[in-house]
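K.L.:
This is what each chain is made of:
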Amino acid sequence: GIQVEQSPPDLILQEGANSTLRCNFSDSVNNLQWFHQNPWGQLINLFYIPSGTKQNGRLSATTVATERYSLLYISSSQTTDSGVYFCAVEQGNFNKFYFGSGTKLNVKP
Amino acid sequence: DSGVTQTPKHLITATGQRVTLRCSPRSGDLSVYWYQQSLDQGLQFLIQYYNGEERAKGNILERFSAQQFPDLHSELNLSSLELGDSALYFCASSVRGNDLANEKLFFGSGTQLSVL
Chain A
1 GIQVEQSPPD LILQEGANST LRCNFSDSVN NLQWFHQNPW GQLINLFYIP SGTKQNGRLS
61 ATTVATERYS LLYISSSQTT DSGVYFCAVE QGNFNKFYFG SGTKLNVKP
Chain B
1 DSGVTQTPKH LITATGQRVT LRCSPRSGDL SVYWYQQSLD QGLQFLIQYY NGEERAKGNI
61 LERFSAQQFP DLHSELNLSS LELGDSALYF CASSVRGNDL ANEKLFFGSG TQLSVL
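Chains A and B, in that order, are what the protein sequence lines are.
Quick note: the first sequence uses this note's numbering, first residue 1, plus one each step.
Quick note: the second sequence uses this note's numbering, first residue 1, plus one each step.
None of these hints come from the bench; they were simulated from the model.
Keep in mind that the hints are not guaranteed to be accurate.
Unchecked claim - Subject to a maximum C-alpha distance of 30 Å in a straight line, what follows is the list of computed DSS-like cross-link-like pairs (lysine-lysine):
1) B:K9 with A:K104
2) A:K96 with B:K104
3) A:K54 with A:K108
4) B:K57 with B:K9
5) B:K104 with B:K9
6) A:K104 with B:K104
7) A:K54 with A:K104
8) B:K104 with B:K57
9) A:K54 with A:K96
10) A:K108 with B:K57
11) A:K96 with B:K57
12) B:K9 with A:K54
13) A:K54 with B:K104
To be verified - Just some of the chain A residues that point at chain B, by a computed CB distance under 10 Å:
14) Y48
15) T66
16) Y69
17) Y73
18) S77
19) A88
20) Y98
21) F99
All of these numbers come straight from a predicted model, not from anything done at the bench.
Even glycine gets a Cβ: it sits at the ideal position worked out from N, Cα and C.
Bound conformation, chain A alone (with noise of 0.2 Å):
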C-alpha cells in the first residue's frame, strides 16, 4: 500500500510560536485528510485537502499533489493544540485510508 511519512515526529512550542507540520506520501491520491487527535482520544477532522490551499481560523493546509506532499501550518499556537496530528490519503477509489505515524504537539504555556 501506499507509504505515508509524517515530520517531525514529536514537536514541543512555546504558546504563540507558529509551526508547520509536514505529510510526504509515495505514490498519487485522491484524498487527503488532516486529523487532530486530542489528549482524550478524540479524533477530529481538520481538513479535506486532496489539493490546493485551505484556512479555517488559526490553521491552514496546503496539499501540491504532483509532488506528493501535504502541509499544515499552526499559527499563534495555544496549549489547547496539543495532541497528535495525522494526515491520512486514500488511493483512487479503493476505500482505505491510511494513516501517517503522526506529529505529537505539546504546546506549553
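We have chain A; now place chain B onto it with these hints.
P.N.:
Structure of chain B alone, referenced to chain A:
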C-alpha cells in the same frame, strides 16, 4: 460531537474471550470504517462497509469479523482475544457517494479494549 456513536467506551475482558463493539454512523452516512490504534502500530485500517456490503479489507485478523446492518449500524466482533489485541478501536463514517468531493471521515470517540 462528530455524530458517530461508539459503545461501549471501555471494555475489560480476559484472554480467550469474545467481545462485540458497536458503531452508529452519522445520519445519512452509508460507509463505516473500523480502525485499530495501538501504541506501537499507529492507526491501522481494519475493514470498511458501504450500505451493508463489505467494500475493503485491511489488516484485519481472521479472529475478527464485522458486519453492517440494514439500519447502517455496524458491529466489530473480536474473538479468542489475546493480550496484544488491547487497543483503542475506532469507527468512522462518511457519506461515500459517487461524488468524492468532501468525502470526510468522521470518527467516533472509540472503544478502549483491555485484555487481561
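K.L.:
Next step is simple, just say for each hint if it's right about the structure.
P.N.:
A quick look at each hint next to the structure:
For a cut-off of 30 Å, the pair hint linking K9 (chain B) to K104 (chain A) stands: about 24 Å separates their Cα positions. Restraint check: the Cα-Cα separation between K96 (chain A) and K104 (chain B) comes to about 13 Å, which is no more than 30 Å; the hinted pair holds. Using a Cα cut-off of 30 Å, the hinted pair K54 (chain A) and K108 (chain A) holds, with the two alpha carbons roughly 26 Å apart. About 24 Å separates the Cα atoms of K57 (chain B) and K9 (chain B), which keeps this hinted pair within 30 Å; it holds.
Pair hint K104 (chain B) plus K9 (chain B) holds up; C-alpha atoms about 23 Å apart against a cutoff of 30 Å. Taking the CA atoms of K104 (chain A) and K104 (chain B), the gap is near 22 Å; set against the 30 Å cutoff, the hint holds. Pair hint K54 (chain A) plus K104 (chain A) holds up; C-alpha atoms about 22 Å apart against a cutoff of 30 Å. Proximity of K104 (chain B) to K57 (chain B) is assessed by CA-CA distance (about 19 Å); at most 30 Å being required, the pair is judged to hold.
A C-alpha spacing of about 23 Å is found between K54 (chain A) and K96 (chain A), which places the hinted pair at or below 30 Å, so the restraint holds. Distance restraint check for K108 (chain A) and K57 (chain B): the Cα-Cα separation of roughly 40 Å exceeds the 30 Å cut-off, and the hinted pair is therefore not satisfied. Distance restraint check for K96 (chain A) and K57 (chain B): the Cα-Cα separation of roughly 8 Å lies within the 30 Å cut-off, and the hinted pair is therefore satisfied. For the suggested pair K9 (chain B) and K54 (chain A), the alpha carbons sit about 33 Å apart, so the restraint of at most 30 Å is broken.
At roughly 14 Å between alpha-carbon atoms, K54 (chain A) and K104 (chain B) fall within 30 Å of each other, so this suggested pair holds. The interface hint given for Y48 (chain A) is met, as the beta carbon of that residue sits about 5 Å from the closest beta carbon of chain B, less than 10 Å. For T66 (chain A), the suggested interface contact is broken, since its CB lies about 19 Å from the closest CB of chain B, more than 10 Å. About 19 Å separates the beta-carbon of Y69 (chain A) from the nearest beta-carbon of chain B, more than 10 Å, and the hint is not met.
Interface hint at Y73 (chain A): violated, since its Cβ lies 20 Å from the closest Cβ of chain B, which is beyond the 10 Å cut-off. Violation of the interface hint for S77 (chain A) is found here, the shortest Cβ-Cβ separation to chain B being roughly 23 Å, above the 10 Å cut-off. Proximity of A88 (chain A) to chain B holds as hinted, the smallest CB-CB distance being about 7 Å (cut-off 10 Å). For the restraint placing Y98 (chain A) at the interface with chain B, the shortest Cβ-Cβ distance is roughly 7 Å, inside the 10 Å limit, so the hint holds.
Interface hint at F99 (chain A): satisfied, since its Cβ lies 4 Å from the closest Cβ of chain B, which is below the 10 Å cut-off.
Checked against the numbered hints given earlier, the structure breaks hints 10, 12, 15, 16, 17 and 18 and satisfies all the rest.
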